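Which chain is which? The protein sequence lines are A and W, in order.
Using the numbering used here, the first residue of the first sequence is number 1257, and each one after it goes up by one.
Using the numbering used here, the first residue of the second sequence is number 9, and each one after it goes up by one.
Please keep in mind that the hints were generated in silico from the structure rather than gathered at the bench.
Warning: the hint list may mix true and false statements.
As the list claims (entries may be wrong) - Below 25 Å or equal to it, Euclidean Cα-Cα: the simulated DSS-like pairs (lysine-lysine) are:
no., chain 1, residue 1, chain 2, residue 2
1, A, Lys1259, A, Lys1329
2, A, Lys1262, W, Lys72
3, A, Lys1259, W, Lys45
As the list claims (entries may be wrong) - Distance windows between CB atoms, simulated:
no., chain 1, residue 1, chain 2, residue 2, range
4, A, Leu1281, W, Pro117, 19 to 29 Å
5, A, Met1352, W, Met9, 22 to 32 Å
6, W, Leu61, A, Ala1280, 20 to 30 Å
7, W, Ala51, A, Ser1277, 13 to 23 Å
8, A, Asn1360, W, Leu70, 34 to 44 Å
As the structure is a prediction and not an experimental result, all values here were calculated from the model.
Cβ atoms here follow ideal geometry from the backbone N, Cα and C, with glycine treated the same way.
Listed below are the residues making up each chain.
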Amino acid sequence: MDKKEKDMTVGAFGTAITDLSLEALYWTDPDKWSATFPFKPWSAPHHWISPADDWIVGAGIPLGLYALGTLLKRQAWKERGKGAAIYGASMLGHHMVARYLAYNVPKTGQFNIDYDFPTTNIIRQAKAAATQPQPTTHRGEFLPFQQDMGY
Amino acid sequence: MDPKDKRIVTGAFLTTIIDTVTNKVIPHFVNLGEWSKRAHPMALMNGEYITYLGAPTGLKLLEKLTKNPRTKDSLKDTAFGSFLYAAPMLTRTQGAVILPQVIKPPPPPQPPVSVTGFSHRMPSPYVTEPEFLPFQTDLGY
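Please take these sequences and the hints and turn them into a complete structure.
Have a look at this one:
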């Protein structure tokens, strides 16, 4: 493995570990973080777009490393940025294809997206709540508990 | 982008496409049996291990078997690109499956405790057993 390959490997693994650290942060309190930046899912109909944490890792870190290399005129940092971009762009694409399928294409196989993307349950609950008929309380109508009272 | 970078990117994206198609797209539509099974609750799908370990190893093996020096060089970079996607992705995905079972979220808030020391949700022993409340037992009726 030459110098260039070593730097790219460092960049890719560094990005993956940052990704994993954000994942760990999410699991410290899933209820809190599900509704908070950077883990909050995008609103409908854009659920399939990865939340901000994936974009920070997949685009922010590679661009940051490459910019650092350009500013400092250090080839090593540029190579680290390239390694980070290879992991980050692939991860973003991979996750968004999976999310798109899960939310927009009826499932006929056994793939369980909840295993990979914990916030999917929240999205599913929100979708179910939006499609459920709401109780009507028009003026003049009796509410269900009043019907037994005889007036 | 120099030719080496191009070959590395080709290897990485090729592995990404194989991973996405075999582990996400096809299992979404078809039951793949053992391929999509998890050997353990903390394990990835069997197919994910095969892809993440098999793709870079397969390309490396192909490089070793190739005689043509130009193709050998090309395959070396492609195999490295494949490794550059697969190894960090395996680390990340494996970690993401283990983390929720290792990290314990904070406990839910407890219900308020009343002045008598009994929670509103706890059955009070004075109401059910014994039949008479303690302060009534001394009154003789």
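To see whether the hints hold, each was checked on the structure:
no., hint, verdict
1, A/Lys1259 to A/Lys1329, "holds (16 Å)"
2, A/Lys1262 to W/Lys72, "holds (21 Å)"
3, A/Lys1259 to W/Lys45, "violated (39 Å)"
4, A/Leu1281 to W/Pro117: 19 to 29 Å, "holds (21 Å)"
5, A/Met1352 to W/Met9: 22 to 32 Å, "holds (24 Å)"
6, W/Leu61 to A/Ala1280: 20 to 30 Å, "holds (24 Å)"
7, W/Ala51 to A/Ser1277: 13 to 23 Å, "holds (22 Å)"
8, A/Asn1360 to W/Leu70: 34 to 44 Å, "holds (37 Å)"
Of the numbered hints stated above, the single one contradicted by the structure is hint 3.
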